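Trainee: Sequence:
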Amino acid sequence: MSTINIIKDRARQLGADQLDALQPIRTAALASFDKLGVPAVKHEEWKYTRVSQLFNQAYQIGADTATSDLNWQAFRLPEFETANELVFINGVYNAAASTVRSAGLVVLPLQDAAQGEYASIVSKHLGHSAQYLNDGINALNTSFLVGSVFIGVNRSTEIEHPIYIYNINDGRKENVFAQPRTLVHVAENAGVVLVETYGSIGSADHFTNQVVEVVVEQDARIEYYKIQNDSARSSQVSTTHFRQVGKSYVHAVTISLNGAMVRNNLNMVMEAEYCESNMYGLYFTSDSCHIDNHTIVDNVKPHCLSNEFYKGILDGSSTGVFNGKIFVRQDAQKINAFQSNKNILLSDTASVYTKPQLEIFADDVKCSHGCTIGRLDEEGLFYLRSRGITEAIARSLLLHSFAIDILEQVKPDAIRAYIDQLISERLGS
Numbered sequence: 006m007s008t009i010n011i012i013k014d015r016a017r018q019l020g021a022d023q024l025d026a027l028q029p030i031r032t033a034a035l036a037s038f039d040k041l042g043v044p045a046v047k048h049e050e051w052k053y054t055r056v057s058q059l060f061n062q063a064y065q066i067g068a069d070t071a072t073s074d075l076n077w078q079a080f081r082l083p084e085f086e087t088a089n090e091l092v093f094i095n096g097v098y099n100a101a102a103s104t105v106r107s108a109g110l111v112v113l114p115l116q117d118a119a120q121g122e123y124a125s126i127v128s129k130h131l132g133h134s135a136q137y138l139n140d141g142i143n144a145l146n147t148s149f150l151v152g153s154v155f156i157g158v159n160r161s162t163e164i165e166h167p168i169y170i171y172n173i174n175d176g177r178k179e180n181v182f183a184q185p186r187t188l189v190h191v192a193e194n195a196g197v198v199l200v201e202t203y204g205s206i207g208s209a210d211h212f213t214n215q216v217v218e219v220v221v222e223q224d225a226r227i228e229y230y231k232i233q234n235d236s237a238r239s240s241q242v243s244t245t246h247f248r249q250v251g252k253s254y255v256h257a258v259t260i261s262l263n264g265a266m267v268r269n270n271l272n273m274v275m276e277a278e279y280c281e282s283n284m285y286g287l288y289f290t291s292d293s294c295h296i297d298n299h300t301i302v303d304n305v306k307p308h309c310l311s312n313e314f315y316k317g318i319l320d321g322s323s324t325g326v327f328n329g330k331i332f333v334r335q336d337a338q339k340i341n342a343f344q345s346n347k348n349i350l351l352s353d354t355a356s357v358y359t360k361p362q363l364e365i366f367a368d369d370v371k372c373s374h375g376c377t378i379g380r381l382d383e384e385g386l387f388y389l390r391s392r393g394i395t396e397a398i399a400r401s402l403l404l405h406s407f408a409i410d411i412l413e414q415v416k417p418d419a420i421r422a423y424i425d426q427l428i429s430e431r432l433g434s
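Once you know that position 224 of the sequence shown is 229 in this note's numbering, the rest is easy, because the numbers rise by one and skip nothing.
Keep in mind that a hint or two might mislead.
In silico PhoX-like pairs for lysine-lysine, Cα to Cα no more than 20 Å straight-line [to be verified]:
#1 K330 to K129
#2 K360 to K347
#3 K330 to K371
Simulated from the structure, these hints should not be mistaken for laboratory data.
None of the values given here were measured: they were computed from a predicted structure.
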């Protein structure tokens, strides 16, 4: 039996075992996966990222293998002592390992939220990302929906401490296929900082297919930081879908430093007037690492502002992909939307594919997009060398200065210093 058929049988089995409010959603998603299948290179949105090759081996699927000897604490972020920590092991939320410290923060199993006081929120917003990612990978995640989490920030609540989400895969015995799912609701006039990181234990292969859907209500604010620095045996498809249903503010930063194959889908749907969204990304690849960033900004209503800035540094035989789409709907007059992608190639065998796109159906807008691909500044390198600086340090200084535009967008000091240290270690400085 093929891996795909085994996965589908596993989804059916889990659905039969979980007769709850989410079961109709799982069933519909599995039918969608049956129809859509796994994207191949002929799929325009996946032409540079061959995700189908990840389904050519057997996996342990959806098992919570948290044991006393699983040292997930090795992946803790700075200042964890005061943070809210949510731990996923092999895609399944582990409540015993997690800690919620902040008042006004609600963390529930998604199936409980779907039949309690948050049922209307779950029914209205869960699965909205499928409207923008009509592919089998997104549907596959929804067909499981086991061990998923609902995160709610109560109205007029500023969560003082950040939420750290740890996605840990335990591959000490066999290959792991993890499918974590999270629905976040930030209520009116609330604010929160959310940081995600990924780690793996063991020498087996790891494949994470993740979906995070975030709903931002009127006058709400969220900062979201994603840090990807997993092993070379780890692959990931990570979807983060923001839905701004009221005038609100979103600030999202994606830092991708390592992994076998990484695909990031970041969607920003601006459904209310006067929304603001900022999307920043840095991908720093080496060896045979492949990182693909696909973004969507959908301006549905007028008077919105979006700013998107991604930078890439590519070395070895690595590959980078940037595909950014901005949609301006007919009613979305007087919006400002900006997009830029800049890349540096450090080797002759590194490659990057970049495709910024605009689709504008309104006539009173300010929009711009652009991309650049180049080499390290030889004049700058020569200048630093002439001042007695070694070539290695000179290269490190130039690359650090290239990345600083994105690093400065990481607002929490401790997280910015942590990422800065990871980059410095990569640069050998």
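Trainee: None of the hints should be skipped; say for each whether it holds.
Mentor: Hints versus structure:
1. As the CA atoms of K330 and K129 are separated by approximately 25 Å, the hinted pair breaks the 20 Å bound.
2. For the hint linking K360 to K347, the alpha-carbon distance of about 11 Å falls within 20 Å, and the restraint holds.
3. Taken as a hint, the K330 and K371 pair is honoured in the structure, with Cα atoms around 15 Å apart against an allowance of 20 Å.
In the structure shown, a violation is registered for the earlier hint numbered 1 alone.
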